[in-house]
Structure formats: C-alpha cells, structure tokens
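Asker: Here is how the chains run, residue by residue.
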Amino acid sequence: MQAQTPSDSPACETVELQIRRQHGPTSRPYWQTFACPVRPGANVVSLLMDLREHCVTQDGTRVDPVAFEHNCMEEVCGACAMLINGSPRPACSALIAELEAPIRLEPLPKFPVVRDLMVDRAALFAHLKQVKAWIKLDGPWDVHERAPRVSPKEWQANYLYSRCMSCGCCMAACPQFGPQFGPEATFVGPAPLAQVRLMNAHPTGRYDKAERLHAIMADGGLSDCGNAQNCVRVCPKAIPLTTAIGELGRETTLQAFKDLFGPH
Amino acid sequence: MSGGQQGGQVIVIGGGLGGLWATLAIAAAGHRVTLFSLFEVMRSHSACAQGGINAVLDTKGQHDSVRQHIVDTIKGGSYLANQPPIQSMCEDAPGLIRTFERMGVTFSRTPEGLLDLRLFGGVKNKRTCFAGASTGQQLLYGVDQQVRRLETEGQVAKQEWWEFLSIVRDADGVCRGIVALDLRSLEVRAFRADAVVLATGGLGQIYAPKTTCSTNSTGAAASRVYQQGARFANAEFFQFHPTAMLGEDKTRLMTEAARGEGGRVWVPKDPADRREPTRIPEAERFYFLEEWYPSYGNTVPRDIASRAIWKVTRELGLGIGGGDRVYLDLTHLERGFVSTRLGAILSIYRKFAGQDPLTTPMEIFPAAHYAMGGLWVDYEKDPATGGMRRGSPRNHATSIPGLYACGECDYAYHGANRLGANSLLSASYSGRVAGEAVASYLSGLERGAEAAPAAVFDAEQGRQAEINQRLMRSDGDQNPFRLHRELGELMTTKVGVIRDNAGLDEAIAELQALEQRFERLDLAESSAWANQSLAHARQVLDMVRLAQVMAVSARARDECRGAHFKPAFDIKMPEDSFPGEPAFEAYRERWKANNAEWLKTTVADHGPDGPRIHFEPVDLGLLAPEQPRDYR
Ligand SMILES: Cc1cc2nc3c(=O)[nH]c(=O)nc-3n(C[C@H](O)[C@H](O)[C@H](O)COP(=O)(O)OP(=O)(O)OC[C@H]3O[C@@H](n4cnc5c(N)ncnc54)[C@H](O)[C@@H]3O)c2cc1C
Ligand code: SF4
Ligand code: SF4
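Protein sequences appear in the order of chains E and U. Numbered according to the working numbering, the first sequence spans residues 1 to 264. Numbered according to the working numbering, the second sequence spans residues 265 to 896.
It cannot be assumed that every hint is accurate.
Per the computed footprint, the stretches of chain U lying under chain E, defined by three or more beta-carbons under 8 Å from a beta-carbon of chain E, are [to be verified]:
no., segment
1, 601 to 608
2, 740 to 748
3, 783 to 794
Because the hints were derived from the structure by calculation, they are not lab data. Quick reminder that beta carbons are idealized off the backbone N, C-alpha and C, glycines included.
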C-alpha cells in the first residue's frame with residue numbers, strides 16, 4: 001500500500017507561491033518562494049497542505065512548514081482567511097486556476113501575527129463582547145413557549161447577518177479598524193456592528209437595543225466608520241455591512257434624541 | 265469544591281454543539297467551566313452541517329408524532345442503539361428547538377412566521393427544522409453567543425488554542441483533571457477539575473482526504489482517553505455519504521436532493537474514454553444505478569448508492585479514467601428548475617470545482633461522513649417512563665469515574681446508522697444531558713480535585729512533556745502528514761464502504777506496521793513556537809490507534825447491519841416474495857436468528873496487545889425487531 005505523494009502524481013503544472021513568513025509575533029517578516037505542483041481543483045489550502053509534507057523553497061532549501069489555519073474547508077468556519085494577491089479572503093475557496101500567478105500569500109492584516117499565515121483575531125471576539133452580541137436568556141432550559149413569530153421577510157433580512165463567520169476579512173479591509181489607532185480608540189469594526197443590527201432585530205433581543213446602541217455610540221463606535229465601503233466589497237458571505245451601518249446610524253441618532261429628551 | 269451544591273470547577277473539552285451545550289447546562293447549575301478547544305469554538309465542525317435538525321413539531325398537517333420519531337431513529341439504526349436514550353432525546357427535541365429559537369437562531373419561517381419544516385432522508389414526515397442552508401452554523405452561533413455572555417460574567421473561561429492530551433486519574437482511578445498543550449507556546453500543563461466532559465466530535469479525518477469532516481474531527485482525543493482506560497463502543501459503524509464532490513483537501517457533501525430531483529449517476533462504458541462527458545453519447549454510458557436497481561434507480565438509499573459506486577470503481581475498474589470518480593449528472597434537467605431546487609449545491613460546486621453543474625456533470629465519490637460509534641457512555645433507565653432518568657449522574661458517564669462524553673464522540677443514539685438531521689439533535693441534547701449529569705455528580709462528590717495529590721498531576725504532565733521532547737528530537741524519515749495520508753488510504757480501502765475478513769486482517773497488520781513507523785518519525789520542523797507538525801504527529805499516532813479499534817471491531821462482527829457491510833454474511837431478502845409467503849417467512853426466520861446472535865453492542869477495551877472486544881446486550885424495551893426493513 002503506497003499513497004501517492006502530491007509531487008509524484010501524474011504530470012501537473014506548477015505554480016509559484018510567494019509567502020510572507022514570520023516566525024513569531026515580534027519577529028521580522030520575510031518572503032519565501034515555492035514552486036508547487038497543481039492538480040485540477042487545487043485551492044490555496046490544498047497547496048499549503050501539500051507544502052507541509054514537502055516544504056522546500058524554489059531554490060531547493062528545506063524549510064519549516066508554513067503555519068496556517070484551516071478547519072472546515074467549506075468557507076463556513078472562517079479560519080483560513082488571509083491576504084491572497086493583496087485581497088483578504090478565505091483560502092479554501094481561492095481556486096488556483098482562477099488566481100493570477102505568482103500567487104502572493106500574506107497574513108490577514110490588522111491582526112497580530114502568531115506565526116506565518118496565522119493571526120490572532122481576539123480583537124474581533126472582544127468587540128463582540130463589547131457590543132453585547134447575544135440575546136439575554138433567563139437560562140438555557142425549555143420555558144415551554146416558543147419565541148415570537150418572525151415574518152419570512154424579516155427572517156430573510158436577519159439571516160443575511162447571521163451568516164457572519166468572524167473571518168475578519170471586513171476588518172482587515174476597513175481603513176478605520178486596526179492597531180494603528182492605538183489600543184484605546186479601536187473602532188469595533190464592521191462585523192460586530194452587523195451583529196448589533198442582527199441582535200436588535202430579534203423579538204426579545206430588542207429589549208437590550210438601547211444598551212447595544214450605547215456601546216457603539218461611544219468612542220470607537222459607529223462614528224469612526226469612514227463609510228469607505230471596503231468591508232462590504234470583501235465579505236465572502238456577501239453580508240450587507242454598509243446597509244447595517246446605515247441603519248444603525250439612524251438608530252443611534254434616534255437613541256441620542258431619546259437620551260436627551262426621553263424619560264429617564 | 266467540597267461536596268457543595270455549587271461552585272464546582274468543571275473542564276469541558278470541545279466547543280462544538282455538544283461541548284457548548286454541556287457548558288451552558290453546567291453553568292446554569294452554578295458551577296464554573298473552563299472550556300478547551302483547538303481554536304475559537306465558533307469554528308468547530310458543527311458549523312458545517314447544512315441540512316437541518318429533527319424535532320417533532322407537527323405543524324405540517326401530517327400527524328407526525330414523537331413516537332414516530334423514536335421508531336424511525338431505532339429502525340434507522342437497525343435496532344443497535346439502546347432505546348431509553350433515544351426515547352428521551354426525541355421527547356426533548358421540541359424543547360431544545362424552542363430554546364435555540366429563544367437564543368436567536370435564525371430558523372427559516374413559514375408564511376405565518378412559524379418555524380418551517382422540511383423532509384429529510386429515511387422518514388415520511390416533515391420533521392427537520394433548518395436555517396437556510398447553514399443550520400449547523402446557526403445553531404452553533406446560538407450557543408456560542410450564550411457562552412460568550414457567560415464569559416463576561418466570569419462563569420466560563422476559555423482556553424482556546426489548547427489541545428487536550430490526557431486525563432489525570434487519582435489513585436482510585438477517578439478523573440481529577442487533564443493535561444493540555446498550548447498550541448502556540450507548546451507549554452504542557454496540568455489542570456485540575458472536579459469533572460471532565462469530552463465533546464471532541466467525530467473522527468472522519470481517519471479517512472482523509474476522502475471525508476466531509478473538518479480537520480478537528482480526528483478522534484485523537486477520544487483515542488487518548490480510550491488508551492487511558494475508557495471503553496469505546498460500536499467502532500465498526502461509520503457512515504459514508506455516497507455523493508461527495510472530489511477535492512484535494514477534502515471532499516464536500518452534495519446532498520441527496522441532487523439525486524432526488526432527477527440527477528443521474530453514470531460512468532463511461534470505457535474507462536479510458538477521455539472525451540468531455542457531455543460529448544459521450546447515451547449508448548456509451550453506463551447508468552449503473554438504473555440498471556442494477558430498476559425500481560429505485562438513482563434514488564436508492566445512501567448505503568446502497570455508496571456500495572454501488574464502490575463496486576463500479578474499485579471492483580469493476582469502471583471509474584472515470586479508471587479512478588475513484590463517477591458522474592452525477594444534472595445537465596439533462598431544466599435549468600430553471602435545478603437552480604431553484606438545488607441552488608445551494610450549484611453554488612458550492614461552482615465555488616470549489618470552478619465548474620457549472622448545469623453544463624458539466626459533477627464528479628463524485630463516497631466519503632467518510634459520520635461516526636456512529638464512539639466512547640461508551642452509561643445511562644440510567646427510568647422504569648416509570650422507559651426513558652433516561654433525568655439528572656442521573658450515570659447519564660453520559662464514560663467507564664472512567666468523573667469523565668463524561670457527549671456529541672459525536674459518544675456512541676449513544678444512532679446504532680448501526682444515523683438518520684439525516686438526527687446528529688445536530690444528538691450533539692445538542694447529549695451535551696445538555698451530560699451537563700446535567702455532571703451537576704448531579706458534583707453534588708454527590710465528597711472530595712473535589714483540590715484534594716488530589718499534586719504528584720499525580722506532575723507525573724502525567726511530565727509524561728506528556730516527555731513525549732513531546734522525544735518527538736522534537738526525532739530524526740527518522742517518516743513524515744507525519746504522509747503517514748496521515750497513508751492511514752486515510754488504508755482505511756478507505758479496507759475498513760470502508762465494503763468489508764471482508766481477509767482485508768480486515770490485512771488492515772489490522774498494516775495499521776500495526778504504520779504505528780511502528782512512528783518510531784522513525786521526521787517531524788521536519790523543530791520550532792518551539794506554534795509547531796503544527798508536532799501537534800499533528802501526535803494526533804495521527806492516536807488516530808492510527810483508534811483505527812485499530814475500528815478494524816478489530818469490524819473484524820469481530822460477521823454480519824451486515826446498517827453501515828457495516830460484509831457481503832459474505834449478507835442475508836438477502838427474497839425478491840418476489842412478500843410477508844406470509846414461505847420464502848419470505850424463511851428469510852424472516854434467518855433474519856431473526858441473525859439478530860439473536862448479533863444484535864449486541866461491540867465494546868472495546870484497550871489492552872497491551874491491542875483492543876479486547878466483548879459484547880453487551882441492547883435495551884429493546886420499546887420496540888423489538890420483528891419486521892425486517894423492506895424498501896420495496
Ligand atoms: C458536511 C457535514 C454535514 C452535516 N450535516 C448535518 C445535518 O444536516 N444534520 C445533522 O444533524 N448532522 C449533520 N452532520 C453531523 C454533525 O454536524 C456533527 O455530528 C455534529 O456537529 C458534531 O458536533 P460535536 O459537538 O460533537 O463536535 P464538533 O462540532 O466537531 O466539535 C468538536 C470540538 O472539539 C474540539 N476538539 C477536538 N479535539 C480536541 C482536543 N484534542 N483538544 C481540545 N479540543 C478539541 C474542537 O476544537 C471542537 O471545538 C454533518 C456532518 C458533516 C461532516
Ligand atoms: S464602511 Fe465603515 S466599516 Fe466598512 S470599511 Fe468603511 S470604515 Fe470600515
Ligand atoms: S462580515 Fe463577512 S467579512 Fe466580516 S467577519 Fe463576517 S463573514 Fe467575514
């Protein structure tokens with residue numbers, strides 16, 4: 001029994017991969033070039049998988065395998081997002097046949113590099129906490145009553161946002177998001193804002209609407225959005241981020257009025 | 265903790281549906297949870313499930329009933345699952361769905377704003393709740409958000425990017441904590457816990473790359489506790505999905521609906537035929553499902569389709585180009601119809617194959633999909649109801665005191681085969697039950713983990729660190745990623761869709777040889793930071809050991825049941841004979857005699873010379889097998 005190695009399977013073309021590598025969070029990045037055999041149907045993840053087994057640069061040097069993240073390989077877990085030829089996108093659905101060669105791979109910008117193509121997206125999850133992206137339940141038990149009805153139309157609008165897989169592509173593309181603005185004033189970023197839109201639309205999630213709106217009216221909230229629309233262009237799930245941001249803009253204005261004049 | 269009602273410290277390993285539900289239930293009982301996962305929990309494999317989750321809501325005018333859900337689940341599993349847990353799961357399913365809905369899960373709606381239901385394989389009634397084409401993702405996010413809230417309240421602490429390596433047992437054999445590996449710093453550390461829940465998912469990666477499973481579905485964690493003494497049950501039962509699109513990294517599921525809506529499966533009569541499929545004339549195509557099963561044709565059940573495709577490619581050598589692939593053809597269907605009915609498949613295929621199924625036939629092959637077998641877990645039967653006794657500390661307890669298991673890594677609900685849309689249910693339900701059981705266990709516990717001597721933790725931590733050091737020093741010639749591929753190839757070929765004893769004997773020997781090659785490992789990387797090869801090498805070794813349990817269990821079962829198919833022991837239903845007629849009744853007798861011999865749970869214990877197998881009776885209290893399945 002002998003499985004085929006990627007490199008000894010029948011005649012296939014090769015493609016040049018240029019990978020920006022970085023040993024650890026504080027190490028200096030450097031570039032390495034690999035000539036990878038490509039079989040039909042190959043994508044960026046499958047090439048990186050092959051490289052783990054046979055990691056030799058174009059000039060014949062054996063190097064450490066390239067660290068990268070991937071789990072579902074179906075563009076639903078969000079793990080494998082990286083910069084591919086300059087655009088943030090999931091690597092599993094980036095087909096080699098459809099990419100311009102040489103292919104440049106870089107870690108997703110704006111997030112700290114862990115190693116090579118792996119980044120730490122903790123900021124995204126911290127921001128989901130900051131905006132209270134959840135429905136407050138009394139407890140995870142059955143209360144023998146179903147949640148209120150939702151019209152199919154409303155469902156359709158909500159469903160769009162519930163598909164956000166926290167890949168971070170939108171955050172990587174957003175000119176307002178990132179460490180360059182300092183740790184304090186970090187803009188929460190498009191993905192968490194869209195979750196505020198989603199939670200505020202839920203029949204009982206509405207109860208905490210004001211609280212969530214306040215969370216994004218503070219520094220680093222909505223007002224930091226420069227409306228560059230970069231986010232919506234890169235989202236692999238086609239989530240209407242700027243629509244959500246527009247809606248929230250109106251909601252926060254209303255909320256500000258309520259805060260001024262409403263009953264306390 | 266010291267025998268108190270609250271304030272215990274529990275470790276949950278795995279943050280898919282099973283682990284997150286267990287976390288919620290334990291936290292709701294007032295205990296603290298530390299949650300371990302290989303990565304951010306919301307990226308768990310549960311996110312992959314598209315189809316839906318079963319629960320009897322009976323809102324489609326079909327008089328659906330919980331009883332029918334129970335019966336379908338029992339029969340779908342060929343009676344091999346204990347019936348009390350199935351009963352309780354089906355009874356509680358509607359309540360679980362309501363809870364998910366309260367969490368904000370975006371279930372698809374009817375025009376009246378109620379949850380919509382769809383029809384799923386193997387049943388007659390519409391019983392499957394769904395959220396667009398991403399049900400698993402939506403359910404997972406529902407519980408993930410709840411757990412995130414508990415994090416901000418300090419009740420849950422996450423240890424993401426930590427890999428579970430082993431449990432720590434005290435002198436009495438009770439589980440008192442775990443040892444885990446920080447996947448970034450490579451630190452190996454022991455953690456104390458009053459109870460541990462394992463929710464680490466399935467094991468399809470043992471068949472990689474011909475699997476629909478994510479990279480987290482290695483079975484390595486289950487293998488580790490098995491090697492430490494936990495029993496493993498029904499390991500031979502593994503479901504293959506007949507129609508997965510081929511891929512270099514993995515194979516991706518194409519739902520049954522593609523065949524249901526009129527898709528035809530074929531191969532060129534001449535495997536050397538290199539023409540574009542659409543240029544091959546009808547007369548030169550072999551529609552093998554239609555030819556072999558004239559009455560069902562392309563819509564034969566999953567397992568039959570998988571076996572037929574296997575036969576055409578591997579036994580007759582008629583796969584496209586002689587390889588592991590056949591066509592699933594939609595090009596003859598009306599395009600508008602296909603686009604509305606099968607939109608999700610079309611977009612997956614276009615995205616990952618770069619081709620349009622409307623104009624080019626898809627290339628597919630069976631893929632490893634779901635493990636029915638898993639860690640053996642207990643339950644306490646409530647004689648009053650026939651179901652599980654609620655809150656019993658025995659429910660979902662493994663054979664190691666203090667260690668619980670839930671989700672796909674346990675064996676409890678699906679017997680010899682799983683019904684579609686029943687495993688999101690079992691993962692969620694079992695997580696909640698395991699959590700409740702842990703809470704009961706803690707209230708009966710006299711001494712918590714703080715009383716366990718430091719020496720047992722130090723010893724286990726030292727043993728695990730030593731394994732890593734040895735691997736890091738390795739200077740052989742065996743690449744771990746290559747060993748993984750060879751494992752997948754071996755298991756696919758010899759412990760796959762069709763089994764025979766000679767092949768299984770070979771597989772057992774080859775798996776031993778494969779295990780020995782780890783002595784000559786070449787890690788190919790010596791980095792002391794985020795070294796993925798180290799973690800992978802350890803996983804693959806434990807996968808090889810679990811694969812041995814699967815092969816030995818399959819060798820031990822000389823019959824055909826559910827997903828376990830050994831043609832030499834097939835009892836065939838007489839073709840033109842029906843109940844009451846002598847030929848059929850003779851068949852029924854043989855079928856019953858076979859049940860008398862083989863209707864029993866396979867249980868494997870780890871031993872120095874490999875798995876030791878024994879069998880356990882199955883609780884058939886609700887429905888005894890009288891009637892063979894008849895698809896005619
Ligand atoms: C393509 C596909 C489609 C499916 N569709 C459906 C469907 O429509 N309906 C249905 O009912 N079922 C479906 N299933 C099955 C279902 O998705 C799974 O059975 C279920 O999601 C398993 O959940 P889980 O919680 O047990 O495990 P998972 O979701 O796999 O989670 C496992 C967790 O364990 C962690 N983990 C693993 N090992 C370790 C370790 N060593 N240390 C620390 N953490 C670890 C991981 O990080 C992860 O968080 C499908 C399966 C596949 C493959
Ligand atoms: S529209 Fe706002 S959120 Fe989107 S990229 Fe621009 S600044 Fe960022
Ligand atoms: S909104 Fe889109 S791009 Fe942003 S994290 Fe979610 S899925 Fe990714």
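Asker: Counting residues of the segment 601 to 608 of chain U that have a beta-carbon nearer than 8 Å to any beta-carbon of chain E, does the count reach 3?
Answerer: violated (count 0)
Asker: Apply the coverage criterion to the segment 740 to 748 of chain U and chain E: a residue qualifies when its Cβ sits closer than 8 Å to a Cβ of the chain, and three qualifying residues are needed.
Answerer: holds (count 3)
Asker: Per the coverage rule (Cβ-Cβ under 8 Å, at least three residues), is the segment 783 to 794 of chain U covered by chain E?
Answerer: holds (count 6)
Hint compliance for this structure: hint 1 is the single one not met.
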